[in-house]
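Visitor: Chains as they are written, first to last, in this note's numbering: chain H, 178 to 474; chain X, 178 to 474; chain G, 178 to 474; chain U, 178 to 474.
Derived by calculation from the structure, the hints in this document are not laboratory data.
On a predicted model such as this, the values are computed, not experimentally measured, just so you know.
Be careful, since some hints might not be right.
Identical copies look the same in the list; a pair holds intra-copy or inter-copy alike.
DSS-like cross-link-like pairs, simulated, lysine-lysine; straight-line CA separation at most 30 Å [to be verified]: (1) K471 - K410; (2) K459 - K471; (3) K434 - K333; (4) K467 - K423; (5) K333 - K410; (6) K459 - K264; (7) K434 - K423; (8) K471 - K264; (9) K467 - K434; (10) K471 - K434; (11) K467 - K410; (12) K264 - K434; (13) K459 - K434; (14) K471 - K423; (15) K333 - K471.
Number of protein chains: 4
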Amino acid sequence: MATVGFIGVGNMGGPMAINLVRAGHQVKVYDLSPQLMEPVVAAGAAAAASPEEAVAGAEFVVSMLPSGPIVEDLYIHGARLLEAISKTSLVIDCSTIAPDNAVNLATAARQRGIATLDAPVSGGVAGAQAGTLTFIVGGALPDFERARPLLLGMGKNVFHAGDHGAGQIAKICNNMLLAVHMIGTAEALQLGVDNGLDPEVLSNIMLQSSGRNWSLELYNPYPGVMESVPASKGYEGGFQVNLMNKDLGLALEAGLKSQSATPMGNLAKSLYVQHGRNGWGKKDFSSIQKWFEKQEK
Amino acid sequence: MATVGFIGVGNMGGPMAINLVRAGHQVKVYDLSPQLMEPVVAAGAAAAASPEEAVAGAEFVVSMLPSGPIVEDLYIHGARLLEAISKTSLVIDCSTIAPDNAVNLATAARQRGIATLDAPVSGGVAGAQAGTLTFIVGGALPDFERARPLLLGMGKNVFHAGDHGAGQIAKICNNMLLAVHMIGTAEALQLGVDNGLDPEVLSNIMLQSSGRNWSLELYNPYPGVMESVPASKGYEGGFQVNLMNKDLGLALEAGLKSQSATPMGNLAKSLYVQHGRNGWGKKDFSSIQKWFEKQEK
Amino acid sequence: MATVGFIGVGNMGGPMAINLVRAGHQVKVYDLSPQLMEPVVAAGAAAAASPEEAVAGAEFVVSMLPSGPIVEDLYIHGARLLEAISKTSLVIDCSTIAPDNAVNLATAARQRGIATLDAPVSGGVAGAQAGTLTFIVGGALPDFERARPLLLGMGKNVFHAGDHGAGQIAKICNNMLLAVHMIGTAEALQLGVDNGLDPEVLSNIMLQSSGRNWSLELYNPYPGVMESVPASKGYEGGFQVNLMNKDLGLALEAGLKSQSATPMGNLAKSLYVQHGRNGWGKKDFSSIQKWFEKQEK
Amino acid sequence: MATVGFIGVGNMGGPMAINLVRAGHQVKVYDLSPQLMEPVVAAGAAAAASPEEAVAGAEFVVSMLPSGPIVEDLYIHGARLLEAISKTSLVIDCSTIAPDNAVNLATAARQRGIATLDAPVSGGVAGAQAGTLTFIVGGALPDFERARPLLLGMGKNVFHAGDHGAGQIAKICNNMLLAVHMIGTAEALQLGVDNGLDPEVLSNIMLQSSGRNWSLELYNPYPGVMESVPASKGYEGGFQVNLMNKDLGLALEAGLKSQSATPMGNLAKSLYVQHGRNGWGKKDFSSIQKWFEKQEK
């Protein structure tokens, strides 16, 4: 079992840290909000009074933060946390951030002899709680192998995408594709309904045909077709439109940098932004189905 | 075993008719091109000298034709084939045509007391040959049940989508969604590759994540990732860009009629049309991957 | 001065017919709704009890109808009005319809020795009332020359676009481009406003720069920037979203037929359809500005 | 007449500096490439051996640089040129950069008591040479008034868009709208041509109708319609696709930051990126017309 310093225990980081405790690791947590640390401490973690205290002597440093600038600020520019981390530690940043931020962290850490991985997750709050997250990891292969057992304490799938930043890129590509087939699914279902089809019948046909995709299979956006998904619960819970917009923004930025054409991703971004501006930002991203509905009285 | 009159034995209809013969049915075929009839006759079908002769006394009339106007012309306006069909026959039109054409056929047939089904297929020439087509059927449920055993002689999945025209609508929705996730998959893969990822590694990650879809799973558009798909064979064979364009055209027309918004489908149509105009019309539709590639010298 | 049979005196046709009367022509009108004929008759036209009576002996037959099928039904299939029209008449159809419908009318008329023009208009109800319409005309040049003086009684610009159907195509192209730069203008203005610019200042800058376009110059979609436009009157009046959708539908159909890629037009169609479904169908098309506004509370 | 330190005398900056000399100003220039300074010195400017020497004691500092990071590096982080600039100088940065970069420069300068303006230009190399540029300026109004006479030595239109960064935002909005109506114009022309219209006739009709826009009026993308434009000279010269891509990238980034929906701009970006990747990066941006052409043999 390992010693772990864990920074950032919000919606995602909290249950992840708790799962590490349950897996038998010795976890010391820090968060700007002491309140967020309480459930993790109740589960058996130690509370640190500062990030420096959390990481002191830890074999692994795990962080789960809201944005790339915050990650860079914590480790490099502001708090300079790297200075407090041992050369034998492995830093695993699970935040979803721009690949550039991940590469900057890796470069700054390397200069101090510290190894890092970017390990963004897929699976949402439910996956974090259930310990079924997918980790998409960028960094050196031996570091990836070293991190694997720890990550499997918080998830069930662990992928090595490539070098530093590759975890972020792979996650970005995946989520862009997710947005595209979610919208595509919503518009196909609405086209069918507008032409007299039953959305459940159409869903079943497409599921067994070439239209099949993850959105249709596990996350049907049409209310009432699947029981337990957000679409059947007023689009509450799930993966927020605002978060999808954040990930699509990272995808667009990556494409701007590499001069890649992403017409479907760009269109998805426009529609999700407008959907968010229309008041749907905090609802599940499958609520894009409502964009297609006829509202006219 | 049933008697079947089969009209239109081209790339798709030919192997379908042969499979009916092999399933033990008594098949009489007709095609404008006698040459196309030869392999079907060689397989054991009888050759008819006219459509009227093919359908005379048949329990089932099956047609596989290139377009809606041709279907209407055969049955209603031009050849008036309905006049030669017995009231006890069941007409199964397997052509992919506009829902309106299907409804027109159903209406004209009903006036003569003849039952019809629209039963467009999914699965392509390979599926037609292997007898693994999917039939998406519109029409009355008892007629669907009556047709089911016959259709299962040519395919392995048979769906009832709803009333007359519903088979066409469901196929159109499915193929629009297919186009969307194929292009989405191609652009996600290219974005990854442009940012240093290996397309196979990225494909595997997305396959086990929320980006998963039929294109990624069975038809990877990036050359070399999957062995037997068109992408690894110079985009030969498969489902032609021109045919995808035809289906997307039907989707747009359906959306125009029902005043449905189909932004992703509309964009897919624009990209496929341009791709076809650029010389890719007769290649497989996964060749849209080339649209994203950097050609600049 | 000429004798004119005028069919269809609704919002557009009514004021057009009145202007013909005022220009000194002898006009006989017909409409399915006697009520619509009243103001035209009050202006000096004669009322006909049937389309046949309206066109009998007229030098010009002018029609202004809501759709292509209705035009074909009147002249060719249903009312067979062509049979009542003299070979020396010139038929000028001002309806906005598919080019195919225009060509069908021209072909059917030619078989009876009757000359036709397709002459869709631009300028809306206000232009019809003020006699400032633009006529975009397809047909033979001598017929165009013959019609010109009559058309100038209802408008101020008359263009010869080419052969039969060319008037419709040119109008379709124009209106597709109009939709594109209207939406482009709205989104540029909102992007500026979201980033702190004053919409009027930004409008003035773009008007004198390369962003200049008709929408920005004469029809600013941002409320309050221009005084007399629909944007400053709650988007009342003007050119309805539903009508723009009709024209964009004709553009898409034309593109489907010629296998032309129209990505901007396709996207415009999707946005306008969704805007219409959201309850804006009867408002002016510059109300697309509201699509971009932040509604979130 | 004023003393001016001018940094960056490439394609744009060179002729701009020469025009300042011709207007009677005392100009001291600096560029990393001594070769680029030669024609400006030949025109009467003094050569500086360093940026510091160029700006020493100058009433105005004008810079024309390729990107925002380079601007920040020159003035703030790397060369720290601000430290060499007098508090009585007015810094006018004419580079097209992200609004954030402009604001950063303004903030850093203000801390040293130095006033700045962002003043990106429109009009291209031809406009720089002819002295007919348009300056779109952000910053304080009195500074704008102070700069105006100097700017009119290099251009003929000067607009005050708002506070620091507003010049960049306004230029970005304008160029995004330009891209949209250029592509819209190209696709409308091709749709017309594909349906039998003459591109010149169609252009003339749309010019006098609601499709009118700057691209159609001054920069027709269809070869042969206008004599002196890039379209009639193999798309050589003009405003490069790569530069349009840079500006569209700035627009997308601005939209990402303000969470504005820019569907038309996003689509334009995708098409221009792909066009550039296809080998058109160094051709004029009106070459997007070729994207629509039928290449198929």
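Visitor: Would you mind marking each hint as holding or not holding in the structure?
Guide: Okay, the hints, checked on the actual structure:
1. K471 - K410: both (20 Å within a copy, 25 Å between copies)
2. K459 - K471: both (22 Å within a copy, 15 Å between copies)
3. K434 - K333: Neither. Shortest intra-copy (32 Å) and inter-copy (35 Å) distances fail the 30 Å Cα cut-off.
4. K467 - K423: both (20 Å within a copy, 23 Å between copies)
5. K333 - K410: within (27 Å within a copy, 35 Å between copies)
6. K459 - K264: For K459 and K264, neither the intra-copy (41 Å) nor the inter-copy (48 Å) Cα distance is at most 30 Å.
7. K434 - K423: both (17 Å within a copy, 10 Å between copies)
8. K471 - K264: Neither: 59 Å inside a copy, 41 Å across copies.
9. K467 - K434: between (33 Å within a copy, 20 Å between copies)
10. K471 - K434: For K471 and K434, the Cα distance is within 30 Å only across copies (14 Å; inside one copy 38 Å).
11. K467 - K410: both (13 Å within a copy, 29 Å between copies)
12. K264 - K434: neither (32 Å within a copy, 37 Å between copies)
13. K459 - K434: Both: 29 Å inside a chain and 18 Å across chains, each within 30 Å.
14. K471 - K423: Classified as both: same-chain Cα gap 27 Å, cross-chain 17 Å, threshold 30 Å.
15. K333 - K471: neither (41 Å within a copy, 36 Å between copies)
Hints 3, 6, 8, 12, 15 from the earlier list are contradicted by this structure; the remaining hints agree with it.
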